[in-house]
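Asker: Following the hints, complete the assembly by docking chains B and C onto the known chain A.
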Amino acid sequence: MPALRDLQSAFARSLLDPARPIPAAVTSHTARQPKKRFDVYRNNVYFGLIEALAAQFPAIARLLGQEMFVETAKAYIAEHPPTSPLLFRYGETFGDFLAQAKPLEDYPYLGDVARLEWLWMQAYHGADHTPLNPEELGAIPTDRLDGVRFDLHPTMRLLSSPYPIVSIWHTNIVDEEVTPVDLTQGGDDALIMRPALDVEIQRLRPGAMTMLSQLTQGETLGRASALAAENSDEFDIERVLTDLLQSSLITGFAID
Amino acid sequence: MSKTLKAGSSLILAGAFAAALTSATALTSTNAQAESPKDMEKCYGVSAKGGNDCAAGPGTTCKGTSVVDFQSNAWKYVKTGTCATMQGAGDAKGSLTCTPSTNEAVPAGARGCKA
Amino acid sequence: MTLSDVITTAVASPIPARAGIGLKPDHYLEIIETQPAVGWFEVHAENYMGAGGAPHRYLTKIRETYPLSVHGVGLSIGSDAPLDQIHLARLKSVCDRYEPGLVSEHLAWSTHEGTYLNDLLPVPYTNETLARVCEHINEIQTALGRRILLENPSTYVRFESSDMSEIEFLSAIATRTGCGLLLDVNNVYVSGTNHGYTPDSYIDAFPVEHVGEIHLGGHDEDSDETDARILIDAHASAVADDVWTLYDRAIARSGALPTLIEWDSHIPAWSELFAEAQRADEIIAKQPSDASAA
Numbered sequence: 000m001p002a003l004r005d006l007q008s009a010f011a012r013s014l015l016d017p018a019r020p021i022p023a024a025v026t027s028h029t030a031r032q033p034k035k036r037f038d039v040y041r042n043n044v045y046f047g048l049i050e051a052l053a054a055q056f057p058a059i060a061r062l063l064g065q066e067m068f069v070e071t072a073k074a075y076i077a078e079h080p081p082t083s084p085l086l087f088r089y090g091e092t093f094g095d096f097l098a099q100a101k102p103l104e105d106y107p108y109l110g111d112v113a114r115l116e117w118l119w120m121q122a123y124h125g126a127d128h129t130p131l132n133p134e135e136l137g138a139i140p141t142d143r144l145d146g147v148r149f150d151l152h153p154t155m156r157l158l159s160s161p162y163p164i165v166s167i168w169h170t171n172i173v174d175e176e177v178t179p180v181d182l183t184q185g186g187d188d189a190l191i192m193r194p195a196l197d198v199e200i201q202r203l204r205p206g207a208m209t210m211l212s213q214l215t216q217g218e219t220l221g222r223a224s225a226l227a228a229e230n231s232d233e234f235d236i237e238r239v240l241t242d243l244l245q246s247s248l249i250t251g252f253a254i255d
Numbered sequence: 000m001s002k003t004l005k006a007g008s009s010l011i012l013a014g015a016f017a018a019a020l021t022s023a024t025a026l027t028s029t030n031a032q033a034e035s036p037k038d039m040e041k042c043y044g045v046s047a048k049g050g051n052d053c054a055a056g057p058g059t060t061c062k063g064t065s066v067v068d069f070q071s072n073a074w075k076y077v078k079t080g081t082c083a084t085m086q087g088a089g090d091a092k093g094s095l096t097c098t099p100s101t102n103e104a105v106p107a108g109a110r111g112c113k114a
Numbered sequence: 000m001t002l003s004d005v006i007t008t009a010v011a012s013p014i015p016a017r018a019g020i021g022l023k024p025d026h027y028l029e030i031i032e033t034q035p036a037v038g039w040f041e042v043h044a045e046n047y048m049g050a051g052g053a054p055h056r057y058l059t060k061i062r063e064t065y066p067l068s069v070h071g072v073g074l075s076i077g078s079d080a081p082l083d084q085i086h087l088a089r090l091k092s093v094c095d096r097y098e099p100g101l102v103s104e105h106l107a108w109s110t111h112e113g114t115y116l117n118d119l120l121p122v123p124y125t126n127e128t129l130a131r132v133c134e135h136i137n138e139i140q141t142a143l144g145r146r147i148l149l150e151n152p153s154t155y156v157r158f159e160s161s162d163m164s165e166i167e168f169l170s171a172i173a174t175r176t177g178c179g180l181l182l183d184v185n186n187v188y189v190s191g192t193n194h195g196y197t198p199d200s201y202i203d204a205f206p207v208e209h210v211g212e213i214h215l216g217g218h219d220e221d222s223d224e225t226d227a228r229i230l231i232d233a234h235a236s237a238v239a240d241d242v243w244t245l246y247d248r249a250i251a252r253s254g255a256l257p258t259l260i261e262w263d264s265h266i267p268a269w270s271e272l273f274a275e276a277q278r279a280d281e282i283i284a285k286q287p288s289d290a291s292a293a
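Residue numbers (numbering that gives the first Met the number 0), protein chains in the order written: chain A, 0 to 255; chain B, 0 to 114; chain C, 0 to 293.
Chain A extracted, bound-state conformation (with noise of 0.2 Å):
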């Protein structure tokens, strides 16, 4: 019988679940049934945990005030404990939680919030990948632009929101004092990327976001940009490519 086994799944299912009796292995020198030196290990997982969570996800933590993000984060906690020793890729279902936690209904944006506030800091961590300088595009002959497919940097996500993710995440990242955001203004669409050390979150004008993942998709230039104004009455490419070319966005291209 490998009592290790068991002793340390019974560990486990105590110490993630408060309401349980602590592990019959367990003892001290003082107390047979030490209840609060194992809460210190209860404690040292859900403290841990939080910090955690408040480190991925600031503006949350700044939208919900310290004590509603900790009883949100615990109850996170319990029902997803991380699965990856790695923290930093804690709380990939943390928007998907808070957009359907009863107490939050009211707050249906924060989800959204929370995918943005994800997705930062999986671009802090990517890859890191040269960018194409400006001389390098222009030497795409002008006649065979219709043709050309970019590659994209590789930390670069999309997302696109109902509510005005990328003011809200703003205000509460940078202001020290939070500038009323309008929730009727409409959605929007964000782009995540690191091109250099920083990473940057915009939000991209109309059409934008149809011609980027087009071109994510690996379609080309002509066919993204023609879906895109398709798309959206408002799509002005000449803008859409000058913020495509100034946020470094392309690393490389190949043409048909």
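Honestly, the hints are just simulated from the structure, not real lab data. These numbers were taken from a predicted model, which means no experiment stands behind them. Glycine residues also receive a C-beta, built at the ideal position from the N, C-alpha and C atoms. One or more hints might be untrue.
To be verified - Here are the computed lysine-lysine pairs in the DSS-like style, where the Cα-Cα straight-line distance is at most 25 Å: (1) C:Lys91 - C:Lys60; (2) C:Lys91 - B:Lys48; (3) C:Lys60 - B:Lys48.
Stated by the list, open to error - Restraint ranges, calculated between C-beta atoms of paired labels, are given here: (4) A:Thr129 - C:Ala130: 11 to 21 Å; (5) C:Asp241 - A:Gln184: 57 to 67 Å; (6) C:Asp25 - A:Glu229: 47 to 57 Å; (7) A:Asp174 - C:Leu28: 18 to 28 Å.
Answerer: Chains B and C alone, transformed into the frame defined by chain A:
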């Protein structure tokens, strides 16, 4: 003003790309000048906090040892955060009161609701 | 396979028998700008297991100037279950990238059935655990191609099933696997207080010939239901005076050894951390320099 693009209008694409390239080039050279060795944040980037460590949490009596039925209807959002500053989402403005559940033992400082 | 078979490369930049400091993002810039006279730095391996970005940029820069020690917190060596091979490969890639002078891990477990519990949990000191831990350490040393150091834990409970002492357990591991030991003096103080033995007797019995590094850190205090003291390994404050005294006793036995100041939460200003390291350096300087055991 919006310039729309129909499928196959490669002239517009070429013009737009050339113009975009010009503005991007101008911006890139300005940025290059701004990056000096003195500006460490720029050279090395923001460093996120958090991460793994081998420290223990403080003490025996807080975060890991309370039981709260989070999904129960007893919980409503609390005032302490900035959520209330975001305006216009349905009931959001009016939902700032809440009733703490009674069957829990949340220590002071970790309670989600204040009357 | 013996340890000498697996050690293929000499350490590029050995850790000197001086004080080192646990590297925190809060101090990256100040360290790079002021190049303080610190013997070496230690990092938690897991924080440098991302693909790229600022953490690697800073650490690469700091590594150009200082020797580095890599301290893992996530391998779960004390688990009954097999080691996480993906995580072991990540540790290897951190070691390949930074060529640390020392690599260490904990006598603890933290992962169970796919859940990462984010704490260094205690193991019972039995022959069954000993066999499993030795298996895991052999596997790690083979994968990394080098010797590792194993740290004595701070613990809050005991197990009914333990039938040997912590020191017997650690000595047996070092003898069987050829690994070194990392003596955390604060952990000795914390565990001694928590389990009712005198920290001095633990230090006096510790197999110092296997020790390659010492840790010093701060602890918090609480009490159990019998009002007995419980010390918590919180790393949130300065090293306690009692722990400094215990360190004097340890290093008098071991001779000069690399000694780390650990401070993981409520991170102080760099100057305060640096002062702690200077205090350790003064104590190390009084020891015979050739007495280093490992």
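Asker: Taking the hints in turn, state whether each one holds.
Answerer: We went through each hint and held it up to the structure:
1. C:Lys91 - C:Lys60: holds, 20 Å
2. C:Lys91 - B:Lys48: Given pair Lys91 (chain C), Lys48 (chain B) holds - Cα atoms ~24 Å apart, limit 25 Å.
3. C:Lys60 - B:Lys48: holds, 19 Å
4. A:Thr129 - C:Ala130: 11 to 21 Å: Check failed, 49 Å falls outside 11 to 21 Å.
5. C:Asp241 - A:Gln184: 57 to 67 Å: About 59 Å separates the Cβ atoms of Asp241 (chain C) and Gln184 (chain A), which means 57 to 67 Å holds.
6. C:Asp25 - A:Glu229: 47 to 57 Å: holds, 50 Å
7. A:Asp174 - C:Leu28: 18 to 28 Å: holds, 24 Å
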